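So you can see what is in the structure, the chains are spelled out below.
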Amino acid sequence: MTEQLVADSRRAQSPLLSVRDLQVEFTTSAGIARALDGVSFDVQAGETLAILGESGSGKSVTSQAIMALLPKPAGSIVGGSILYDGIDLAKEPVSRVRDLCATDIAMIFQDPLSSLNPVFRIGDQVAEPFRRRLGMGKKEALARALELLKRVGIADAERRISNYPHQFSGGQRQRIMIAMAIALKPRILIADEPTTALDVTVQAQIMRLLAELQAETGMAMILISHDLGVVADSASRVAIMYAGRIIETGGIREVYDHPQHPYTKGLLDSIPGAHAMGEPLRPIVGSPPNLLDLPAGCAFHPRCPIAVPECRAAVPSLREPEGAALGHHVACIRAEEVRSHD
Amino acid sequence: MTEVSLLKVQNLRVSYPIHSSILQRRIGENMAVKDVNFTISAGQTVGLVGESGSGKSTVARTIIGLEKADGGRIEFEGRDITQSTRTELKALRRDMQMVFQDPFASLNPRLSVQEIIVEPWLAHPDVVPKNRRASEAKALMDRVGLNPDYASRFPHQFSGGQRQRIGIARALALQPKLIICDEAVSALDVSVQAQVLNLLDDLKQEFNLAYLFISHDLSVIEHICDRVLVLNGGVVVEEGTPRELFENPQDDYTKRLFAAVPVIRPWLNGASSKPAGTIPRY
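Note that the protein sequences, when read in sequence, are chains W and L. Numbered as in the numbering used here, the first sequence ends at 342 without a single skipped number. Numbered as in the numbering used here, the second sequence ends at 282 without a single skipped number.
Calculated directly from the structure, the hints in this document are not laboratory data. Please read these numbers as outputs of a predicted model, since none were measured by experiment. Cβ coordinates follow ideal geometry from the N, Cα and C atoms, glycine included. Hints may be right or wrong, so weigh each one.
To be verified - Residues from chain W that face chain L, not an exhaustive set, calculated with beta carbons under 10 Å:
| hint | residue |
| --- | --- |
| 1 | 55 |
| 2 | 119 |
| 3 | 203 |
| 4 | 228 |
| 5 | 229 |
| 6 | 232 |
| 7 | 269 |
| 8 | 270 |
| 9 | 286 |
| 10 | 287 |
| 11 | 303 |
| 12 | 307 |
Please put together the full structure from these sequences, using the hints given.
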């Protein structure tokens, strides 16, 4: 398959973005919460990595750390590195990261209404990156903005360009956000829950638009989501997060078809509609842990159906279990048992 | 399943007035619900699906008396409840309860869990005698999977899933026949959502509850409902069992809606969750 060949040739290249052992802490009135604890992943040019997890797992904190958007002063990077183009973003001052992010790394958020300025016309907002970063004149910048709005599927763009954000629907606003994000042809696009606030038909359109734009531009994408289904069509690799750590990562088909972490397996079993109708769901017991009071050892062990006393002894690190596909890593000492229960 | 319909909605019409910007004069109306017909039998779960603006929440709010119908008829156990007075509504709410989407906004932050569950009994004192209320509240907590030792804790001390369980316990307090769940599991993480869905299923069996289940999440609907109504622009465009709608949708809108549901493993059967063709423009 050509897909496979392309994937192989990419693996040989050095990654576009390399996150290594990232540690982020939040200072709260109740103590210090370690929101990210040793997160590592690579993103290659042209590939889509999905970062999946439930609330509090650290998936959004990861993108905030990359973009220097951690809420200050509560959150800070306390260890690890974020290597982009030979620069360690974790060590650079915020202003420098922002400059870089303006052109090379772009981001879209869940709520397009709160990310757009309500008192400026759409055209001026989409044109802003051209004017500020490329120093274009107003007319030229607006012409470029119009092109972009057409590209992301805003109907009647010539007229709509002078409308304000509230005059657009949620899906159209997300298209406008995407237009702004891709304006300067970023090399990486981070999409944090880009379709969570949207209706299901609109969600499918937006995911399709993102995939098309990626194919056209060759940019890398990091899709952050709580929804395992939404990313299934577009992502080639996934990283599943739990309590601030990546607990399983690998090719998406490998991970979804043969999950080897009990948490991943539990998540897949919890999805309604994924198995026979009328059958009760098999939820994971309990609820996600409090980051201020993490269980000893593997953070998942109190909810884990196959936990053994050793699970409490040490935090398991990512490893390639026996029989797993290349690049499939799991942070579970009993990963082999999970697989055998497929 | 009995043939007697618990709830019967006929030709329901609900509109919201549009007011002019300065003088607030009524200049028109927005027809949220144009013509909706359906019945729910005792012990049955009926799902209402549709996208934002389809009118699904308005239908629910009108049934429970939070909005006034402009036309049509709502019958509960054969009685017309469309033009109920406040006293009649109060009696009616004993049989009909609602669980809301946001477990953070729908619980009074100043009341303990026990006070929240006991509160419906203050309005309907005959359901549980005063001296048994505390113990009954704890029994309900236990039934919905909350530790009864936490009865004196406040909502902020619970997680989202636990708060939704408190909301369910409160809805159960009056032993209703129908519970309206308006996006009741939408705000929950998937692992916790599955727990709550299983709980709703168990309670249905145990108390012969009927649910009107409103959700934008079609996989949830598919899982929990006996019958599903697809709402578009305030009109029911299709009705059927979840299986019929998923496997053989008739209406164009239903087809589009169900085709857009993300598939967990799109590589199986070569199925893709993306509808073919170009992006529809709105």
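* To do: Have a go at the residue 55 (chain W) hint: is there a Cβ in chain L nearer than 10 Å to its own Cβ?
  => Result: holds, 6 Å to nearest chain L Cβ.
* To do: Would you check whether residue 287 (chain W) satisfies its interface hint, that is, whether its CB is within less than 10 Å of any CB in chain L?
  => 5 Å, holds
* Asked: Taking the least C-beta to C-beta distance, is residue 203 (chain W) closer than 10 Å to chain L?
  -> 7 Å, holds
* Can residue 307 (chain W) be said to touch chain L, with a Cβ gap under 10 Å? -> This hint is violated: residue 307 (chain W) lies away from chain L, its Cβ roughly 16 Å from the closest one there, beyond 10 Å.
* Interface hint for residue 286 (chain W), Cβ within 10 Å of any Cβ on chain L -> 9 Å, holds
* Asked: Does residue 228 (chain W) pass the interface hint, meaning its C-beta sits closer than 10 Å to a C-beta of chain L?
  -> Where the cut-off is 10 Å and the nearest Cβ of chain L is about 6 Å from residue 228 (chain W), the hint holds.
* Hinted contact residue 232 (chain W) with chain L - closest CB pair below 10 Å -> Status holds, d = 5 Å.
* Asked: Taking 10 Å as the limit, does the beta-carbon of residue 269 (chain W) come near enough to a beta-carbon in chain L?
  -> Where the cut-off is 10 Å and the nearest Cβ of chain L is about 8 Å from residue 269 (chain W), the hint holds.
* Grab the minimum C-beta distance from residue 303 (chain W) to chain L and call the hint holds if it beats 10 Å, violated otherwise. => 8 Å, holds
* Can residue 229 (chain W) be said to touch chain L, with a Cβ gap under 10 Å? -> It holds, given that the least Cβ distance between residue 229 (chain W) and chain L is near 3 Å, below 10 Å.
* Go through the hint on residue 119 (chain W) and say holds or violated, using the shortest Cβ distance to chain L against 10 Å. => Violated: closest Cβ of chain L sits about 18 Å from residue 119 (chain W), beyond 10 Å.
* To do: Return the status of the interface hint for residue 270 (chain W): holds when the least beta-carbon distance to chain L is below 10 Å, violated otherwise.
  => 4 Å, holds
In terms of the numbered hints stated before, the structure departs from hints 2, 12, listed from lowest to highest.
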